[in-house]
Amino acid sequence: MITLQSIITLAYYALTAAAAALLIFNFVKAKSWEREVLYLIVLVPFLLRVFHLK
Amino acid sequence: MPRPGLTRKLLLGVLATAFVAASGKSFYDHRHLREPVVLGPGVTRVAKLSEYNPTIAGTANDANLYVLEGREPGGTIFVFGGTHAEEPAGRLAAWLLVEHATVERGRLIVALSANRSASTVTRPSAAYPATYTIPTAWGGQTFRMGDRWTNPLDQWPDPEVFIHHPSGQYLAYVDIRNLNRAFPGRPNGTLTERTTFAFMELIRREQVDVAIDLHEAELQYPVINTIVTHQKGQELATMISMTLTDLEGFNIGTEFSPLNLHGLTHREIGDHSQAVSLLFEAPEPFLDATRGRTNADVLLSGRDEFVVQAGKKGLLFAPIDEKGWPIATRVGRHTSSVAQTLETWTEFNADRGVLAKNIPRYADLVKHGVGHFLLDPGQAPAGRLAYE
Chain W
1 MITLQSIITL AYYALTAAAA ALLIFNFVKA KSWEREVLYL IVLVPFLLRV FHLK
Chain X
1 MPRPGLTRKL LLGVLATAFV AASGKSFYDH RHLREPVVLG PGVTRVAKLS EYNPTIAGTA
61 NDANLYVLEG REPGGTIFVF GGTHAEEPAG RLAAWLLVEH ATVERGRLIV ALSANRSAST
121 VTRPSAAYPA TYTIPTAWGG QTFRMGDRWT NPLDQWPDPE VFIHHPSGQY LAYVDIRNLN
181 RAFPGRPNGT LTERTTFAFM ELIRREQVDV AIDLHEAELQ YPVINTIVTH QKGQELATMI
241 SMTLTDLEGF NIGTEFSPLN LHGLTHREIG DHSQAVSLLF EAPEPFLDAT RGRTNADVLL
301 SGRDEFVVQA GKKGLLFAPI DEKGWPIATR VGRHTSSVAQ TLETWTEFNA DRGVLAKNIP
361 RYADLVKHGV GHFLLDPGQA PAGRLAYE
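So the protein sequences, as listed, match chains W and X.
Final position of the first sequence in our numbering is 54; the numbers increase by one with none missing.
Final position of the second sequence in our numbering is 388; the numbers increase by one with none missing.
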């Protein structure tokens with residue numbers, strides 16, 4: 001169970017990093033300021049997870 | 001020529017980075033706040049919990065163990081606060097033992113942060129304050145406010161159902177991170193289980209006679225203002241309860257640990273070691289679901305008008321009025337209960353007695369407040385300072 005937990009945790013952090021990268025990509029490509037703000041707001045908790053802060 | 005919108009993107013990016021940095025710093029500062037403990041004259045050494053299970057070395061849960069040894073041989077009593085890190089009276093009562101108690105006979109072992117990881121996070125969506133400060137004559141001491149469960153940064157994910165080891169009992173999924181549902185633990189389990197296993201090893205190897213777990217509870221919870229005891233400690237707990245109620249000026253009851261409710265200290269320590277296990281509960285209105293504003297003032301003053309209203313409607317299991325349940329009252333209940341446990345245990349078991357003095361009692365706490373008894377780390381002699 002502990003091994004499975006470790007695998008899930010690693011996969012979770014990999015997915016979180018991938019989602020954060022996707023949000024940053026979308027932010028760069030966005031044309032309207034509303035979209036840009038939206039992507040940044042959604043990005044914040046992902047970054048806090050990736051950096052192991054929350 | 002810069003692309004249209006590039007300046008805006010840069011500005012928004014800087015703003016978002018500043019927001020992440022500020023929020024991240026607040027979480028980081030809370031998780032890494034160093035709480036100074038002045039080693040009182042009774043502390044003879046400071047050990048680490050990982051000595052009893054090396055798999056927790058280097059983790060957030062490698063707690064300090066403060067050992068207070070007397071000159072005369074006797075028994076061993078283990079007191080631990082911070083099993084639930086959102087119940088500060090337990091930690092503070094243990095703190096005062098370390099900073100003030102001197103042991104004449106036997107040995108006292110004290111842990112201030114039984115689930116240290118839980119003290120590095122607050123409850124999601126509950127608006128808990130990250131810290132609270134106890135005012136003192138030298139300025140004040142700031143402590144981490146914590147949560148009931150191990151920090152998910154240290155143990156994650158949770159299963160859909162927590163199957164307790166070794167009973168096989170089904171418990172709520174989140175309680176896989178609850179130290180007081182994970183006893184007796186196992187050496188290679190989750191971090192919480194490895195921590196409880198380390199405590200069990202400490203209790204077994206050090207031949208602890210009595211283990212005392214210090215808690216607080218919401219007033220809507222029926223187990224409150226009481227000593228919960230394993231069946232091995234029924235006579236002891238009853239005598240402690242009667243003596244405290246008679247001599248100290250506060251009422252405290254006795255309840256017996258249910259035989260089939262597993263994972264709790266009052267059940268598992270008694271079942272899986274030679275020790276008598278006791279759990280003390282003091283009232284903490286801050287934890288009541290009907291509370292209003294959730295801040296450090298309510299945490300420390302124990303005053304909340306909505307909880308008072310709940311009391312007037314007969315919804316509570318402990319009395320409360322506009323004066324609330326101040327932290328000094330709650331800590332005093334615990335320190336007096338510990339002191340009385342030492343005395344009563346020694347009366348019952350002369351050959352395994354543990355005698356200590358200079359433990360601040362309930363009346364002292366009510367009169368002077370908790371801050372009066374917290375020692376100034378700036379004045380600590382060289383080598384007499386530890387950090388939680």
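Worth flagging that the hints you see were computed from the coordinates, not collected in a lab.
Accuracy of the hints is not assured; some may be wrong.
[Unchecked claim] If you want a taste of the chain X side facing chain W, the calculated C-beta under 7 Å gives, among others:
(1) Leu12
(2) Ala16
(3) Gly24
(4) Trp138
(5) Trp156
(6) Pro157
(7) Val308
(8) Phe317
[Unchecked claim] With a Cα cut of at most 30 Å, we get these calculated DSSO-like pairs of lysine-lysine:
(9) W/Lys29 / X/Lys9
(10) X/Lys9 / W/Lys54
(11) W/Lys31 / X/Lys9
(12) X/Lys367 / X/Lys357
A virtual CB, placed ideally from N, CA and C, is assigned to each residue, including glycine.
Against the structure, the hints:
{"no.": "1", "hint": "Leu12", "in the structure": "5 Å, holds"}
{"no.": "2", "hint": "Ala16", "in the structure": "4 Å, holds"}
{"no.": "3", "hint": "Gly24", "in the structure": "4 Å, holds"}
{"no.": "4", "hint": "Trp138", "in the structure": "32 Å, violated"}
{"no.": "5", "hint": "Trp156", "in the structure": "6 Å, holds"}
{"no.": "6", "hint": "Pro157", "in the structure": "5 Å, holds"}
{"no.": "7", "hint": "Val308", "in the structure": "34 Å, violated"}
{"no.": "8", "hint": "Phe317", "in the structure": "35 Å, violated"}
{"no.": "9", "hint": "W/Lys29 / X/Lys9", "in the structure": "10 Å, holds"}
{"no.": "10", "hint": "X/Lys9 / W/Lys54", "in the structure": "26 Å, holds"}
{"no.": "11", "hint": "W/Lys31 / X/Lys9", "in the structure": "10 Å, holds"}
{"no.": "12", "hint": "X/Lys367 / X/Lys357", "in the structure": "19 Å, holds"}
The structure fails to meet hints 4, 7, 8 from the earlier list, while all remaining hints are met.
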